[in-house]
Amino acid sequence: MHIQVIMAEEVKLITSGPSPFGLRVSWALKLKGIQYESIEENLSKKSPLLLQHNPIYKKIPVLLHNGRPVVESLIILQYIEETWKQNPLLPAHPYEKAMSLFWAKFVDDKVLPSIWCIFMKKGKEQEEAKAEAWGNLKYLEEEVRGKKFFGGENIGIVDISFGWVVNSLSVVEELVGFEVIDGEKFPLLIKWMKAFSESPVIKENLQPRDLLLSIYGAYLQAPTTYN
Numbered sequence: 001m002h003i004q005v006i007m008a009e010e011v012k013l014i015t016s017g018p019s020p021f022g023l024r025v026s027w028a029l030k031l032k033g034i035q036y037e038s039i040e041e042n043l044s045k046k047s048p049l050l051l052q053h054n055p056i057y058k059k060i061p062v063l064l065h066n067g068r069p070v071v072e073s074l075i076i077l078q079y080i081e082e083t084w085k086q087n088p089l090l091p092a093h094p095y096e097k098a099m100s101l102f103w104a105k106f107v108d109d110k111v112l113p114s115i116w117c118i119f120m121k122k123g124k125e126q127e128e129a130k131a132e133a134w135g136n137l138k139y140l141e142e143e144v145r146g147k148k149f150f151g152g153e154n155i156g157i158v159d160i161s162f163g164w165v166v167n168s169l170s171v172v173e174e175l176v177g178f179e180v181i182d183g184e185k186f187p188l189l190i191k192w193m194k195a196f197s198e199s200p201v202i203k204e205n206l207q208p209r210d211l212l213l214s215i216y217g218a219y220l221q222a223p224t225t226y227n
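So the sequence shown is residues 1 to 227, counted in the UniProt record's numbering.
Everything labelled a hint here was simulated from the structure, so no lab data went into it. Incorrect hints may have been included.
List time: in silico DMTMM-like cross-link candidates among lysine to aspartate or glutamate, alpha-carbon distance up to 20 Å [what the hints assert, rightly or not]:
| hint | residue 1 | residue 2 |
| --- | --- | --- |
| 1 | Lys-191 | Glu-173 |
| 2 | Lys-97 | Asp-108 |
| 3 | Lys-110 | Glu-82 |
| 4 | Lys-130 | Asp-210 |
| 5 | Lys-122 | Glu-132 |
| 6 | Lys-110 | Glu-153 |
| 7 | Lys-105 | Glu-132 |
Working from the sequences, and respecting the hints, build out all of it.
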């Protein structure tokens with residue numbers, strides 16, 4: 001994929017290093033070749049800048065495009081797609097586009113919460129979360145069947161929505177003591193994870209493993225939300 005760097009517009013991203021939601025926006029901008037300024041947010045003490053630009057939800061990420069804020073990561077991804085047409089993240093056909101948005105929302109509504117519950121729960125509740133997560137992952141296993149990426153031959157919105165697993169999942173698995181996505185149950189997802197993580201833009205913009213271990217270890221001591 002050829003990435004042409006686009007300049008001359010003011011693009012800023014308010015985010016926090018370990019956030020899967022901020023990471024997906026960062027990947028989208030880089031895949032589009034958009035230069036931007038990353039503003040790191042301290043989630044334990046939210047800044048006036050964040051509260052000014054996202055006063056309702058008070059959450060990251062926030063995209064500032066020429067001073068105008070866009071919030072909620074999936075909405076930001078759609079905004080990026082409609083604003084910068086190069087290297088499309090969504091199919092052109094309306095039905096295929098709708099299906100891509102459906103699966104991206106499925107990742108947020110079902111997959112991420114169930115995996116997070118595995119990480120945060122213990123005993124019976126953890127076993128229930130594990131069963132729910134595996135059920136959700138089976139849908140994604142079938143969706144990627146016969147394709148390199150969920151978007152086909154190129155990375156798309158579903159890939160970057162689910163892509164946090166290549167950065168964070170092995171850390172979660174180490175901390176909980178078992179594999180959530182293993183090669184026997186999910187061979188196609190394992191294959192997809194390898195292809196996704198080896199894409200240059202993705203590979204060059206992953207959070208350091210030691211940092212994630214420190215952050216997620218702290219989450220276990222003082223539970224918080226995943227967003």
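Hint check:
no.: 1; hint: Lys-191 - Glu-173; verdict: holds (18 Å)
no.: 2; hint: Lys-97 - Asp-108; verdict: holds (17 Å)
no.: 3; hint: Lys-110 - Glu-82; verdict: violated (26 Å)
no.: 4; hint: Lys-130 - Asp-210; verdict: violated (25 Å)
no.: 5; hint: Lys-122 - Glu-132; verdict: holds (14 Å)
no.: 6; hint: Lys-110 - Glu-153; verdict: violated (25 Å)
no.: 7; hint: Lys-105 - Glu-132; verdict: holds (17 Å)
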